[in-house]
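Residue numbers (our numbering), protein chains in the order written: chain U, 10 to 110; chain H, 589 to 1134; chain S, 68 to 306; chain X, 964 to 1303.
Treat the hints as calculated values from the structure; they're not laboratory data. Note that the structure is predicted; figures quoted are calculated from it, not measured. Hints are supplied without guarantee of correctness; some may be wrong.
[Said to hold, decoys possible] Cross-link-like lysine-lysine pairs, in silico, DSBU-like; alpha carbons within 35 Å at most:
id : chain 1 : residue 1 : chain 2 : residue 2
1  : S       : 202       : X       : 1237
2  : S       : 141       : S       : 131
3  : U       : 45        : S       : 131
4  : X       : 1240      : U       : 45
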Amino acid sequence: MTEHTVSEHSKSPLTTYFAVWGALLLGTFLTYQAAKLDLGAFNAAVALTIATTKALLVALFFMHLRHASEKLLKLVVITTLFFLVILMALSMADYATRAWS
Amino acid sequence: MATENPQPERVNYLNKEYGIGSWLLTTDHKRIALLYLISITFFFFIGGFFALLIRLELLTPAGDLVQADTYNKLFTMHGQVMVFFFLIPSIPAVLGNFLVPMMVGAKDLAFPRINLLSWYIYVIGGVLMLHCMATGGVDTGWTFYTPFSTAFSNTKVIEAGLAIFVAGFSSILTGLNFVVTIHRMRAPGMTWTRLPLFIWAHYATSIIQILGTPVIAITLVLVVAERALHLGIFDPKLGGDPLLFQHLFWFYSHPAVYIMILPSMGVVTEILACFARKRIFGYSFVALSSIAIAVFGFLVWAHHMFVAGISVYAALVFSILSYAVAVPSAVKVFNWTATLYKGSIHYDAPMLYAFGFLGLFTIGGLTGLFLAALGVNMHVHDTYFVIAHFHYIMVGGAVMGYLGGMHFWWPKISGKLYPEGWARLAALIVFIGFNLTFFPQFILGYVGMPRRYYHYPPEFQVLNVLSTAGATILGLGYLLPMIYFLWSMRYGKPAPDNPWNAAGLEWKTASPPPTFNFDQEPVVTWEAYNYDELDAPHREEVPVAG
Amino acid sequence: MPDSTAAAVQVEAHGGAHNPALLHHFATEEQQRDASNLGMWIFLGTEVMFFGGLFCAYLIYRLKYFGDFGAASKSIDALLGGTNTAVLICSSLTVVLAIWAVQTSRRVLMIAMLIATMLFGLVFLGIKGIEYRDKFVEHHVPGASFSFEHVPIPGHPDQFANPRHAEIFFALYFIMTGLHALHMVVGLGIFTWLLTMAWKGRFTPEYHTPLEIGGLYWHFVDIIWIYLFPLLYLIDRHP
Amino acid sequence: MFDNFPLWPQRASTMAGNVDALYIFLLIVSGMMTLLIFIAVIYFAARFRHRRGVPAEQVEGSIPLELTWSVIPFVVFMVIFLWGAIVFFKSRTPPRDATEVYVVAKQWMWKLEHAEGQREINELHVPVDRDVKLIMTSQDVIHSFFVPAFRMKQDVLPGRYTVAWFRATKPGTYHLFCTQYCGTQHSGMIGNVIVMEPAQYEAWMSGGSTGPLSATGEKIFSELGCVTCHRMDGQGRGPNLQGVYGRPVDLADGRTVTADENYLRECILDPGAKRVKGFQPIMPTFQGLVSEEQVNALVAYVKSLSPSAKSGVASSPAMAVPPGAGKPVSRAPAQGSQVQ
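Let the sequences and hints guide you as you build the complete structure.
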């Protein structure tokens, strides 16, 4: 029902681990380089996209969220992120429409 | 009543071990519940004492009983103590702690040691709060509004902030324990749709505790850091925005109201079903409305800020969302009322409290409509109308539910019966005292008396006198249960296992329960609130009569 | 609701050998493991919201004082921050390797990986310390001695950043990275405990829940940093 | 009802009727809902009280009923929301040609300055039947300007302006309360709003002024040397301020903002934040160099340079204000009862 060991799901988790590790390092390098380019408003978008990709890699593979056959853990993550987005979005609903000094 | 107590001297959680150590190092959720009961009762009476002083000061228009600064500290610490050290832990940490494992058929909460830890964290927070009071107190209002709290108040803001910061983690851990217990520890056959609605209410409460409390924690960290290190995050003089504090503060503190009221709704649901001998009308709607309240409760916080200087558009958004959260509350009230229909209604003390809850929560909820209406809000905001409204919810609602639950489960908790006559009298006194205290405040508010006023124009006096008179009665009403509960521990009649012939796993074990709750692991084969089956033996008598 | 399985677990109760680590109130090891796992994930949810308040404050001020934040951000050494990111990523790898090692009964490798994780953690804190010292020397620590005069705003060489707004950036910088560092210290404490447990041979391929739970925490702290790095160090770096 | 037992606040502004109407509607709606529930509960409790041998009849839920009592309240709630929103919107949209009063709150007093130059403390004299716009800021903590008889409340924040307006309908003396807790003497931060007949008001206005606020602002403007850069001929190193108020301004960072009071204020105190396109960032900040009152005067002056967008002085009926007369007679706070 739940994951016993990762090896049940993939024959050689080490390959996955090192691949993810490499991808994370690459992402770090990319985000560092991308910041040096002038992309206007897209600088933040690129940085956040890379960061989110990295965070997803860590969560899915290192924290085994991908193999958690139970949907409950995913639900916990999604619920949390939902309320985090609510906090920011509804605060911004005020700030973005307010002419404030 | 159905079950006789076969062996009065059975080993139970109370008499299994003796000595201070067996209590302070216990991991038994029932003992921890009692530890919480003692500590929150202590803080309830501290907070109540402050309230009484506030009401006495407001007896006359002039400021004559205490100094202005003292008065400001009184209402601040009344709020902080009552909100963070009484109301938020009240039902979850006492009744929830005691009942959640039993109701789902578990031996204990999922993390018993974390449960004990949460009580110690609460105590540390409480001691910090007491230390703050003893060394001068704090005068910011329980809301800590910046920049007053960070740059102007010269009282113990940091101490109070830390106390509440610490106490918050006890609340988080309780909620975490509940969610894991409800997911992982249910007895065989205890499906989600067989759970008592008390459990659903606590599940919803836990979501708020887990996801809301950390935000107030970090906000208090910012306030403390800003005050100690003169940062400028909330200080307009240094480029910050004081409204950001209000956003972050109310992001927790509005849902916190639901931490107080949702468990109380759960209690009342249990009581109504038991004393009407009925299944709850619309079980799934009542269950889902709890979750809906928890979720929508997070979307409405800025209705505390309509006149604070937020944008008009944001005010519109938050106003409409506030009405969204009113719908599930209304659904609950209608379902409770419908549950009474064709019931077989008993008038025992817990039921009287439940009736009281129903009436007071209805008024409290409906006056919430006034406050969510932008046009009226700009008149009644920060007046006594608000005070009356949230006391109807938090005292009329939450405390009525808490007292009802204490009476309902007292035989299970203590193994003794409380004196029914006194209990009914107390319920009546509390109900009358409460209304006399807070109803005049609605009028006061609409007439225009602002909150947190130490002296006031003389035309407000008559209403204030009424309110103070009510508070005296209310105080008496709260003292009574404490006296007869204590009395019953020694002199009360031994309680049978199921004195109310109630449904629910907690009544299927001994009173008081053994340490691991059940002598045999329960297997659930029935639906929740199967009162028709419980009352079936009585039905067999009917053919004789007719 | 997603799990209707927990109840079923108890039916098959008390099967198999009793693990001494199985607590009395759980029916099976699996139930205990699932409970701990869920508990940790929920706790991480709490942590997300804890940092979330800061991210919210950051978002609002960054939009409001974009130029000033860019100038302030540029004064931090992004190379140190980038190195630290890499260090944490490596430590996350060693954590999963440690868990893999215990699952495949490689005790020595597990202990080595745990030690490596802690070493990476210490390196991270060391680099963080260097960064803090630099900020202190440059008077960029908010407070009485704070100074951020005549620093041009990136892209607007003719305009200086407003020191008070830069101070808000540094206040957020120190609180966010400081809280993150505090979590690292707590993580090091947890790993010291895990290491002693591992040393005593308490972890087996069947039972190593504490290691998994501790690992989850460590990875979470890594994720927070993955966001802190671009948000604090890389606001406006282009020449 | 009775002097010392009021059940309803006085009604002395155009807004009061709107708010009261909604309030009464809410009272009726919630009163009906309360009655419905109370009667149902009491009737059920009595009708279905326990009788020996009469068991409860199990009634399962009913989806049509659940939908009914979800949808009907929701519709009612939406009506309340819309009504409330309309009332709110009106009260948040000051009329264009309102008389302006600058309010500076501080622990624990209200300082009010009319556009015509009269200064008052804890008292505000206004004419009946004329729109009055309050431009408010605080010197220290958050306060809130509340006149129950006008059903008007707005928090007063440090570091920015908040705006409120009213149109008094009945002469009299009305309470002014601070409703945002602000420290020791919070409950002492009260005053009176005195609504006067136009003639009386003219008479009152004829005393106690040091000249219109915009004139004070003009003086400060030249004293601080603002004129050297902000020249009227458009040749200065700073933007020409003529006609700028109420217009959109292109900023150096590409954004466009409307030059409202808050923008003018920010430009004085933090000139770098929203610099006008095409100008160098050379203006120094005046944070800490000018008081809130001086900022108000400067803002009033800049506004007076935009006759089209209207500022208080420019288009209000010319009120010759002889200089030199003393401060208007300050009256002891009345007991909250109406004057007439």
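Hints and how they fare:
no.	hint	verdict
1	202/S to 1237/X	28 Å, holds
2	141/S to 131/S	17 Å, holds
3	45/U to 131/S	22 Å, holds
4	1240/X to 45/U	26 Å, holds
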